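Participant: Next come the chains, spelled out residue by residue.
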Amino acid sequence: MHRVIIIGATSAIAEATARRYAARGARLYLIARRAQRLEDLAQDLKIRGAADVAFGTLDVNHHAAHVDAFAKAWSWLEKVDVVLIAHGTLPDQSECERSADHAVSEFNTNGTATISLMTIAATELEAQRHGVLAVISSVAGDRGRQSNYLYGAAKAAVSTFASGMRQRLAKVGVTVITIKPGFVDTPMTQHFQKGALWAKPDAIARGIVRAVDRRRSVIYLPWFWSIIMLIIRHIPEPIFKRIKL
Amino acid sequence: MSRVVQSWGRYPAISQQTVVDVSDRRQALPDIAGLMLPHGNGRSYGDSCLNEGGVLLRTRNMDRYIRFDAASGQLECEAGLLLSDILDLVVPQGWFLPVTPGTKFVTVGGAIANDVHGKNHHVTGTFGQHVLSLELLRSDGSRIVCGPQRQTEWFAATVGGLGLTGLITQATLQLRRIAGAWMSTESHRFEDLDGFFRLSERSASDHEYTVAWIDCAGKDRSLGRGIFTCANHAPACPDARPSAPGRRLGVPFSPPFSLINPLSLKAFNSLYFHRQRASVVQATTHYEPYFYPLDSIADWNRIYGPHGFMQYQCVVPPSDAKACIEHLLKTIASAGEGSFLAVLKQFGDRVSPGMLSFPRPGTTLALDFPNRGDQTLRLLETLDDIVAEAGGAVYPAKDARMAGRRFRQYFPTWEDFSHFIDPRFSSSFWRRVTE
Numbered sequence: 008m009h010r011v012i013i014i015g016a017t018s019a020i021a022e023a024t025a026r027r028y029a030a031r032g033a034r035l036y037l038i039a040r041r042a043q044r045l046e047d048l049a050q051d052l053k054i055r056g057a058a059d060v061a062f063g064t065l066d067v068n069h070h071a072a073h074v075d076a077f078a079k080a081w082s083w084l085e086k087v088d089v090v091l092i093a094h095g096t097l098p099d100q101s102e103c104e105r106s107a108d109h110a111v112s113e114f115n116t117n118g119t120a121t122i123s124l125m126t127i128a129a130t131e132l133e134a135q136r137h138g139v140l141a142v143i144s145s146v147a148g149d150r151g152r153q154s155n156y157l158y159g160a161a162k163a164a165v166s167t168f169a170s171g172m173r174q175r176l177a178k179v180g181v182t183v184i185t186i187k188p189g190f191v192d193t194p195m196t197q198h199f200q201k202g203a204l205w206a207k208p209d210a211i212a213r214g215i216v217r218a219v220d221r222r223r224s225v226i227y228l229p230w231f232w233s234i235i236m237l238i239i240r241h242i243p244e245p246i247f248k249r250i251k252l
Numbered sequence: 005m006s007r008v009v010q011s012w013g014r015y016p017a018i019s020q021q022t023v024v025d026v027s028d029r030r031q032a033l034p035d036i037a038g039l040m041l042p043h044g045n046g047r048s049y050g051d052s053c054l055n056e057g058g059v060l061l062r063t064r065n066m067d068r069y070i071r072f073d074a075a076s077g078q079l080e081c082e083a084g085l086l087l088s089d090i091l092d093l094v095v096p097q098g099w100f101l102p103v104t105p106g107t108k109f110v111t112v113g114g115a116i117a118n119d120v121h122g123k124n125h126h127v128t129g130t131f132g133q134h135v136l137s138l139e140l141l142r143s144d145g146s147r148i149v150c151g152p153q154r155q156t157e158w159f160a161a162t163v164g165g166l167g168l169t170g171l172i173t174q175a176t177l178q179l180r181r182i183a184g185a186w187m188s189t190e191s192h193r194f195e196d197l198d199g200f201f202r203l204s205e206r207s208a209s210d211h212e213y214t215v216a217w218i219d220c221a222g223k224d225r226s227l228g229r230g231i232f233t234c235a236n237h238a239p240a241c242p243d244a245r246p247s248a249p250g251r252r253l254g255v256p257f258s259p260p261f262s263l264i265n266p267l268s269l270k271a272f273n274s275l276y277f278h279r280q281r282a283s284v285v286q287a288t289t290h291y292e293p294y295f296y297p298l299d300s301i302a303d304w305n306r307i308y309g310p311h312g313f314m315q316y317q318c319v320v321p322p323s324d325a326k327a328c329i330e331h332l333l334k335t336i337a338s339a340g341e342g343s344f345l346a347v348l349k350q351f352g353d354r355v356s357p358g359m360l361s362f363p364r365p366g367t368t369l370a371l372d373f374p375n376r377g378d379q380t381l382r383l384l385e386t387l388d389d390i391v392a393e394a395g396g397a398v399y400p401a402k403d404a405r406m407a408g409r410r411f412r413q414y415f416p417t418w419e420d421f422s423h424f425i426d427p428r429f430s431s432s433f434w435r436r437v438t439e
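Which chain is which? The protein sequence lines are A and B, in order.
So the first sequence is numbered by our numbering: it starts at 8 and just counts up by one.
So the second sequence is numbered by our numbering: it starts at 5 and just counts up by one.
Note that these hints are calculated values from the structure, not bench results.
Mixed in with the good hints there might be a few duds.
As the list claims (entries may be wrong) - Straight line, CA to CA, 20 Å or less: simulated SDA-like cross-link-like pairs of lysine to any residue:
(1) A:Lys207 to B:Arg410
(2) A:Lys207 to B:Asp389
(3) A:Lys53 to B:Asp67
(4) A:Lys207 to B:Glu393
(5) A:Lys207 to B:Gly254
What you are looking at is a predicted structure, and each value in this text was computed from that prediction instead of being measured.
For reference, chain B alone in the conformation it holds in the complex:
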């Protein structure tokens, strides 16, 4: 039963874990030795979904719908259901996920346990803020039904609780209305960080979705240039035919070395920036390529080669966000590292109830780095210094390396939270940052 299970970053490689499928939400947890951890679709990047020496409770087979009210948009389902399945069901009926991360291949339970956010954070907050209730199965056999109005302390611990408070078996979500599957998008080129902050402020009130891609290979004058996109769900467009589901491309195997290196990076970033000639481009796009551009390439994480990659996502407070982001970008550019998709976004003020929720008011920056060992780890340590000094935080769902003291500084409620951890549950991440 022991097998190699990797997280999305393919780093760290951990093989000593037992994998047990959980498919019946009404059954008790398996009677098995070792510390347990729920494992959904394994899209967390680092070790928060891994459990070295312990047991992974794989939930992908616990994926039944329980109730869907097409009039109110309330959906009750088991926690192993993928967001992609939900979209297939509800979009034709005029509903959409209230919050979606950059991939639809995550489970409902995983979305809650990491309290994921999307491009509309400044309007809607996090995924957990749209959960009306959930059921938590504890190792002592008890079941706790909690929500924003019921057993609120358990709800606060479980939303963003990294799967440690017990197994989420089912949840009720409030979906949001849409007129159709299409998005009205606008892309703006910006030359520097000032441009990004100006565009963010200008579009925050009339665009539900905003995000920017930033050229992280650019130095000096081109530092902080990028493309800002904002979007809304389009009104019903009867002319727009539903797009045929395109053929899904894939990366069939992992190349012997990372295809992402300083040379390819610089070329890609420059091309991507100059692809858009006009300073503003408007378009109508199907929601899939808009929200999930990388989902169309199966196993894209393989391009980073056998050593995998590390994702780094931080948030810094609004007060000196600009100076701080500039500092981070300069540090990355001068190290000659960086990624295809460096993403910058302004978080809003809607604070999640989750005790360990990552999103908070400020600016968030996300990038991935091919794993080059010590060199990469040292760079990320330096970034941590900058983020910690600014009073920011790093996202546990994407982390495989942050120092324990940094985590405890970023999430000062961790000790209060730890009282809610199920005594039979743990994760590689949790042991790494707290022991």
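Isolated chain A, as found in the complex:
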């Protein structure tokens, strides 16, 4: 049986992933900001086949509450197989350029908070000597682009942090997976014009569950983003700084 903790559980990708685990009969512990949404979600997941669902509220920017949030989840699940960290926002890049406060606050939500949560989850998983820590980073973290480099910088921090943690925890049988979705059609990206590169949250969720099953390290979702980002990473800086991306 799967015992799964999901942070940022009300995000579209997290919800789609939770549904896939529910269909497998998992026990799920959901963490997000709004209690009412979590309650609705828990009800839905039970009907979809979850063995049981509980939830706790947390504002990820309230770092002092992180330890307690995990402690509650752990004591309810007893042993944990999967921790998925999926919270996030999509900052308004131009607002981040105008306001340093805004930039730092968005960096905290998408980067600092994630690092804090990963650190606490890692301690617990290390003690168990078992489990998977999957964190949703982004293709945006592979190279800073003018259109969203604040978001990209936060995600780069997460990817780099996860890389080091993966090395450290491999020794004790704990897997750390960096998930790098490309464009996903979610409420977070509602105002974008959607083209052929856009994926549905459920397609990303399927990739996440498969990556966890196979104990992968870094995955791009959908897979073709690994090729796109390979190219983007290798564009020489003198050219890169002249193009619009």
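Using the hints provided, position chain B relative to the given structure of chain A.
Facilitator: This is chain B only, laid out in the frame that chain A set:
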């Protein structure tokens, strides 16, 4: 946010609409300028799910279950859930949709707003007749909970109300018991319309599902020939293994011209009729191919090419149904138009509470026509003349072209209904037929 959203018929093409996703049923409607219209999975054929110059409230992300009682078969869920999702959940637990249209890829909200019907209309009536309650979110922020016993006037306006009375956020449905996923079916060949009416009458009392496919390319002697199928949910069959979900085929792109033309039509119709050699064939079939043969081909609507197609579904009263259907079929055959799947069915007497509900006692005929512009529009006008004279009606969910005066004649309650329309809601269809 503005993008091209097409209905299933891919006609008309409308691009000036803003699309907003609604995913939280507890939230108020978006604070946005323009007239709004709920949009589920976009399987309405014409413009009843479109809103030129306005806002579409896309509900597909509002798709959570709220309560399912596996003992009583009552299911409460959000309105953006697809019927296909519900079937996946409830069939293994011995329940089935009380009424299902010819595709399972419609939302619960859409099924209510169009008060859809299925092959069992003569027994169970419409989808709306199995809704125990629903919640309507109005643009002033108020929420109306209505049902067959509560706020009945709002219920009557909303069932079949084309999404105009407000946003349906959630509904409670009464499902029906089944022993398993299998259907016992019987197919009969018939040579003319008399044969169809005879078979319909004979099987109405002991078969829950009846429908006929009719050869609409046939002229003279072959006019009105076809294949009548009737079915019941099969008793539990322990031998029958659950069928592996077959690979879903798809139409990857729209060909530059319609693959449906007079030549292919005639060949297909003739082949389809003669495929069945014996006059009666019995079989046990999984419910999916029985109810949803076209759902196994993704984007089948693309075969009609870039101009799309128009579906025409009418109902004519029982008194002179035969003469009227014959007249319609002759008119279609002599125009050299017609479709792969012309469908004929006897509606029953169970009248829906919905003010604008389409099904009513009589015979219903449904066909699709590749859009050939004026030629097609003229033919459909002629069909309207026949239907209107007989006192029948045309189905708004499938319409992209009927004249306003025809709509108002088919649905005389439209004016009473209009008092229930939310002042911030409208649709391309509604403006077309009432302004």
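Participant: Which of the listed hints are broken here?
Facilitator: 1, 2, 4
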